[in-house]
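J.: Top line first, the protein sequences correspond to chains P and W.
Reminder that position 107 of the first sequence reads as 107 in our numbering, one-by-one numbering, no gaps.
Reminder that position 44 of the second sequence reads as 44 in our numbering, one-by-one numbering, no gaps.
If you are wondering where the hints come from, they were derived from the structure by calculation, not from laboratory data.
Please note: incorrect hints may appear among the correct ones.
[Unchecked claim] 20 Å max Cα-Cα, derived DMTMM-like pairs, lysine to aspartate or glutamate:
no., chain 1, residue 1, chain 2, residue 2
1, P, Lys98, W, Glu59
2, P, Lys106, P, Asp7
3, P, Lys2, W, Glu26
4, P, Lys42, P, Glu3
5, P, Lys106, W, Asp85
6, P, Lys42, W, Glu59
7, P, Lys42, P, Glu56
8, P, Lys45, W, Asp85
9, W, Lys79, W, Glu22
10, P, Lys106, P, Glu5
Predicted, not measured: the structure shown is a model, and the values here were computed from it.
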Amino acid sequence: RKEVEQDPGPFNVPEGATVAFNCTYSNSASQSFFWYRQDCRKEPKLLMSVYSSGNEDGRFTAQLNRASQYISLLIRDSKLSDSATYLCVVMNSGGYQKVTFGIGTKLQVIP
Amino acid sequence: SQTIHQWPATLVQPVGSPLSLECTVEGTSNPNLYWYRQAAGRGLQLLFYSVGIGQISSEVPQNLSASRPQDRQFILSSKKLLLSDSGFYLCAWKGPGTSGYTFGSGTRLTVV
Numbered sequence: 001r002k003e004v005e006q007d008p009g010p011f012n013v014p015e016g017a018t019v020a021f022n023c024t025y026s027n028s029a030s031q032s033f034f035w036y037r038q039d040c041r042k043e044p045k046l047l048m049s050v051y052s053s054g055n056e057d058g059r060f061t062a063q064l065n066r067a068s069q070y071i072s073l074l075i076r077d078s079k080l081s082d083s084a085t086y087l088c089v090v091m092n093s094g095g096y097q098k099v100t101f102g103i104g105t106k107l108q109v110i111p
Numbered sequence: 001s002q003t004i005h006q007w008p009a010t011l012v013q014p015v016g017s018p019l020s021l022e023c024t025v026e027g028t029s030n031p032n033l034y035w036y037r038q039a040a041g042r043g044l045q046l047l048f049y050s051v052g053i054g055q056i057s058s059e060v061p062q063n064l065s066a067s068r069p070q071d072r073q074f075i076l077s078s079k080k081l082l083l084s085d086s087g088f089y090l091c092a093w094k095g096p097g098t099s100g101y102t103f104g105s106g107t108r109l110t111v112v
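All chains should be modelled from the sequences, with the hints used to inform the complete structure.
T.: Written out as structure tokens, the structure reads:
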């Protein structure tokens, strides 16, 4: 089983739609969780951290389910500019806090 | 504020040629620095990380090497490039505690 698994998509959604991505992780001792956004041929950029209680940033909501070992990202009212690849990132405890990236889920918002 | 610089942005090199990619960080001291590679259609693969000057750890065996000659400088090198070395190379800096990574703008390397 991969350490971090994501559906690579693509998810094609119309403007204004709500879309959700899940990401599962295998190490139950994982400490920290993030969602990154990567535009085509660009570097990944931090979208948001994921907190145990769930957190929201505008149209984006991230949640963590430790019991089932997955994190989710919900995007409401999708915009064309949301089209990108969304990377799930898991940080484990360790000497240098090992970070594992998912392969990413590609989102295409259609007019 | 902290910034991370990476160059060059694009590189086309023949098989067997050497490689040197440079990454520098500003606005912080003693950062943890990382080199990642992203092959086409694949996830990010950690190549090297460094927790201090002269301290390099390798995650995967390969014909690449890394060096950290100064606190805020991280260099990725190869003596002889292979076709399989093509990819998008990203330098990253990690903040303290459980904060996430900040990536440089990346170098897109094509070995021909």
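J.: Now tell me if each hint is right for this structure.
T.: Against the structure, the hints come out as follows:
Taking the CA atoms of P:Lys98 and W:Glu59, the gap is near 11 Å; set against the 20 Å cutoff, the hint holds. The hinted pair formed by P:Lys106 and P:Asp7 meets the criterion: a straight-line CA distance of about 9 Å does not exceed 20 Å. Distance restraint check for P:Lys2 and W:Glu26: the Cα-Cα separation of roughly 35 Å exceeds the 20 Å cut-off, and the hinted pair is therefore not satisfied. A hinted pair counts as satisfied when its Cα atoms are at most 20 Å apart, and P:Lys42 with P:Glu3 does not qualify at roughly 24 Å.
For the suggested pair P:Lys106 and W:Asp85, the alpha carbons sit about 24 Å apart, so the restraint of at most 20 Å is broken. At most 20 Å may separate the alpha-carbon atoms for a hinted pair to count; P:Lys42 and W:Glu59 exceed this at roughly 23 Å. About 25 Å separates the Cα atoms of P:Lys42 and P:Glu56, which puts this hinted pair outside 20 Å; it is violated. Proposed proximity of P:Lys45 and W:Asp85 is contradicted: the alpha carbons are some 24 Å apart, above 20 Å.
Annotation: proposed proximity of W:Lys79 to W:Glu22 holds, straight-line Cα distance about 15 Å (limit 20 Å). A C-alpha spacing of about 14 Å is found between P:Lys106 and P:Glu5, which places the hinted pair at or below 20 Å, so the restraint holds.
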